[in-house]
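Colleague: Please take these sequences and the hints and turn them into a complete structure.
Protein sequences, first through last, are from chains E and A.
Numbered according to numbering that gives the first Met the number 0, the first sequence spans residues 0 to 155.
Numbered according to numbering that gives the first Met the number 0, the second sequence spans residues 0 to 143.
Note that these hints are calculated values from the structure, not bench results.
As the structure is a computational prediction, the values presented were derived from the model and not from experiment.
Taking lysine-lysine pairs in the BS3-like style, the calculated list, with each CA pair at most 30 Å apart, reads: (1) E/72 x E/87; (2) A/136 x E/103; (3) A/6 x E/103; (4) A/129 x E/91; (5) E/91 x A/6; (6) E/125 x A/85; (7) A/85 x E/146; (8) E/97 x A/6; (9) E/87 x E/103; (10) E/103 x A/45; (11) E/72 x A/60; (12) A/113 x E/97; (13) A/129 x E/92; (14) A/85 x E/72; (15) E/72 x E/91; (16) E/125 x A/80; (17) E/91 x A/60; (18) A/80 x A/60; (19) A/6 x E/92; (20) A/85 x A/60; (21) E/72 x E/103; (22) E/87 x E/146; (23) E/125 x E/90; (24) E/87 x E/23; (25) E/72 x A/88; (26) A/85 x E/148; (27) A/79 x E/90; (28) A/129 x E/103; (29) E/91 x A/79; (30) A/88 x E/141; (31) A/113 x E/103.
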Amino acid sequence: MALIPYRRDAGWMDPFAELETLQKQMNQLFDVSLARSPWGDTTLLGGQWAPAVDLYDSPDNILIKADLPGLRKDEIELTIHDNQLILKGEKKKDTRVKEDHYFKSERFYGSFCRTVPLPVEVNADKVDASYQDGVLTVTLPKKEEVKPKQISIDVK
Amino acid sequence: MRFFEIKTSRCRDRKNNEGVRAMLQKWTQNKEENVDVAPMVTMFEKDDTIVLALEMPGADKETLDVNLDGNQMVIRGRTKKEDVGKDYKAIHRERRPVQYERRFEINAPVDREKITARYQQGVLEVTLIKAAAAQPKKIAIQSS
Numbered sequence: 000m001a002l003i004p005y006r007r008d009a010g011w012m013d014p015f016a017e018l019e020t021l022q023k024q025m026n027q028l029f030d031v032s033l034a035r036s037p038w039g040d041t042t043l044l045g046g047q048w049a050p051a052v053d054l055y056d057s058p059d060n061i062l063i064k065a066d067l068p069g070l071r072k073d074e075i076e077l078t079i080h081d082n083q084l085i086l087k088g089e090k091k092k093d094t095r096v097k098e099d100h101y102f103k104s105e106r107f108y109g110s111f112c113r114t115v116p117l118p119v120e121v122n123a124d125k126v127d128a129s130y131q132d133g134v135l136t137v138t139l140p141k142k143e144e145v146k147p148k149q150i151s152i153d154v155k
Numbered sequence: 000m001r002f003f004e005i006k007t008s009r010c011r012d013r014k015n016n017e018g019v020r021a022m023l024q025k026w027t028q029n030k031e032e033n034v035d036v037a038p039m040v041t042m043f044e045k046d047d048t049i050v051l052a053l054e055m056p057g058a059d060k061e062t063l064d065v066n067l068d069g070n071q072m073v074i075r076g077r078t079k080k081e082d083v084g085k086d087y088k089a090i091h092r093e094r095r096p097v098q099y100e101r102r103f104e105i106n107a108p109v110d111r112e113k114i115t116a117r118y119q120q121g122v123l124e125v126t127l128i129k130a131a132a133a134q135p136k137k138i139a140i141q142s143s
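Modeller: This is the structure in structure tokens:
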């Protein structure tokens with residue numbers, strides 16, 4: 000796996016994130032050659048694909064949703080390590096088809112990896128994951144000690 | 000030259016002139032409104048069939064629609080409303096409510112009665128069967 004420099008990814012909620020990225024890339028334009036681009040994950044020369052991820056928080060759980068269309072359950076690998084959720088897998092080409100029988104192929108095939116830092120410590124033994132309609136849902140229960148607790152105050 | 004021709008473009012015919020300003024407004028103001036997406040497609044040929052496989056993760060099966068009018072095929076669908084329960088607060092979001100739409104121009108003799116579509120694992124597979132007249136036929140050679 001290539002190391003990819005950190006890129007602020009505000010997701011779709013920040014429409015100006017793309018502009019910022021563009022500006023950064025313009026500034027670096029003459030510093031690099033196309034073959035070895037520091038933003039190797041962009042689409043110019045094709046590159047790595049990673050699933051889009053949503054992260055939700057509740058008092059008891061962390062919920063993660065990821066778009067992973069066209070995979071089989073056994074092709075997705077979930078690991079929790081160092082308070083990070085690592086989502087790995089390989090999208091294989093359709094075995095029914097020979098290479099020369101493709102008209103057009105835009106879909107991504109190959110291996111992917113996405114690391115999601117978790118905001119709090121979770122109980123790795125009780126993680127629940129399900130895959131439906133191309134969407135992976137992972138529920139990670141928080142550790143007891145990090146759950147918010149209400150402390151009642153005795154008035155004397 | 001291919002005998003079968005199926006055309007499609009990545010950009011959408013309609014709504015393209017909507018403008019960046021309107022798009023930004025849509026994104027910043029109403030976050031739950033569906034955004035138009037042209038799903039990625041893989042087209043391949045196998046024996047007497049042509050398969051179009053479109054990536055439409057999280058689509059609501061009720062909204063999936065495959066329509067062939069003349070030689071124009073339109074495939075539509077929208078994602079289910081994200082419902083994670085009121086206990087959950089979003090910390091980070093990249094996935095968004097999506098309205099999928101993709102058009103194809105099919106200039107191929109296909110059997111219109113036998114088109115099938117199947118949605119599984121977030122991929123919609125539309126299978127077109129070549130019309131009998133277009134299938135290869137072995138011709139016997141007569142000798143006198």
